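Student: Sequence:
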Amino acid sequence: MEFNITVECDYKEFLKILKDFENLPKYLPRQLQKIQILEKQDNIVIIEVILAFKSLIKNEISQKIKIETESDNKLILEVLDGHAKNTKVWIVTQPKDCKTQVNVNIDLKLGLKARILSPIIKREYKSLLTGVFLKIGLDAENTLEVK
Numbered sequence: 001m002e003f004n005i006t007v008e009c010d011y012k013e014f015l016k017i018l019k020d021f022e023n024l025p026k027y028l029p030r031q032l033q034k035i036q037i038l039e040k041q042d043n044i045v046i047i048e049v050i051l052a053f054k055s056l057i058k059n060e061i062s063q064k065i066k067i068e069t070e071s072d073n074k075l076i077l078e079v080l081d082g083h084a085k086n087t088k089v090w091i092v093t094q095p096k097d098c099k100t101q102v103n104v105n106i107d108l109k110l111g112l113k114a115r116i117l118s119p120i121i122k123r124e125y126k127s128l129l130t131g132v133f134l135k136i137g138l139d140a141e142n143t144l145e146v147k
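Residues in the sequence shown are numbered consecutively from 1, following my numbering.
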């Protein structure tokens, strides 16, 4: 699954906020309950995320995720456990006309029990990431206006 979004904000400020992993729950407080950094190495961070879904299925999920900063503008996320183990998400950002272009590619891997919910899970992933990106964009613009 792939999607793109253009965010009305400064590219560098967007990246700075996006890579501040522990503060990401403030951008989607109902879904992202908690993010805790478990391990940090050069360009790899392993986090534990607690997600709450309250749409069709009311559920709370804890997942360990490895985040690799492949380059200044490319993050690779890999789910290390749970129903979506081995799912990979590539997030590539680039400046575009004083805005930030975000390209997302998700290779969703689901266990047998979760496969039937694949369309719902894909929609939730897209909604969750889009919401985070848009709110980061607003914060990035507000940060620049204050400076």
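The hints are simulated quantities; they were obtained by calculation from the structure and are not laboratory data. Check the hints yourself; a few may be wrong.
Derived EDC-like pairs: lysine to aspartate or glutamate, alpha-carbon spacing no greater than 16 angstroms straight-line [what the hints assert, rightly or not]: (1) Lys96 <-> Asp10; (2) Lys99 <-> Asp20; (3) Lys19 <-> Asp81; (4) Lys135 <-> Asp20; (5) Lys88 <-> Glu2; (6) Lys88 <-> Glu70; (7) Lys96 <-> Asp81; (8) Lys109 <-> Glu78; (9) Lys66 <-> Asp107; (10) Lys19 <-> Glu2; (11) Lys66 <-> Asp97; (12) Lys74 <-> Glu2; (13) Lys109 <-> Asp42; (14) Lys64 <-> Glu48.
This structure is a prediction, so every number in the text was calculated from the model and none was measured.
Student: It remains to establish, for every hint, whether it holds in the given structure.
Tutor: Do the hints match the structure? See the list:
Note on Lys96 and Asp10: the hinted pairing holds, with a Cα-Cα distance of about 10 angstroms set against a maximum of 16 angstroms. The straight-line distance between the Cα atoms of Lys99 and Asp20 is roughly 20 angstroms, outside the 16 angstroms bound, and the hint therefore fails. About 22 angstroms separates the Cα atoms of Lys19 and Asp81, which puts this hinted pair outside 16 angstroms; it is violated. As the CA atoms of Lys135 and Asp20 are separated by approximately 14 angstroms, the hinted pair is consistent with the 16 angstroms bound.
Proposed proximity of Lys88 and Glu2 is supported: the alpha carbons are some 12 angstroms apart, at most 16 angstroms. Only pairs whose Cα atoms come within 16 angstroms are accepted, and Lys88 paired with Glu70 is accepted, the gap being roughly 13 angstroms. Of the supplied pair hints, the one linking Lys96 and Asp81 is violated, its CA atoms being roughly 35 angstroms apart against a limit of 16 angstroms. For the given pair, Lys109 sits about 10 angstroms from Glu78 by alpha-carbon distance, which is consistent with the 16 angstroms threshold.
This hinted pair checks out: Lys66 and Asp107 have alpha carbons roughly 15 angstroms apart, not beyond 16 angstroms. For the proposed pair Lys19 and Glu2, the alpha carbon gap of about 21 angstroms is over 16 angstroms, so the pair is violated. The straight-line distance between the Cα atoms of Lys66 and Asp97 is roughly 31 angstroms, outside the 16 angstroms bound, and the hint therefore fails. The suggested pairing of Lys74 with Glu2 holds, with an alpha-carbon distance near 15 angstroms, which does not exceed 16 angstroms.
A threshold of 16 angstroms between alpha carbons decides the hint, and for Lys109 with Asp42 the separation of about 27 angstroms lies outside it, so the pair is violated. Of the pairs offered as hints, the one joining Lys64 and Glu48 holds, with about 4 angstroms between alpha carbons and a cut-off of 16 angstroms not exceeded.
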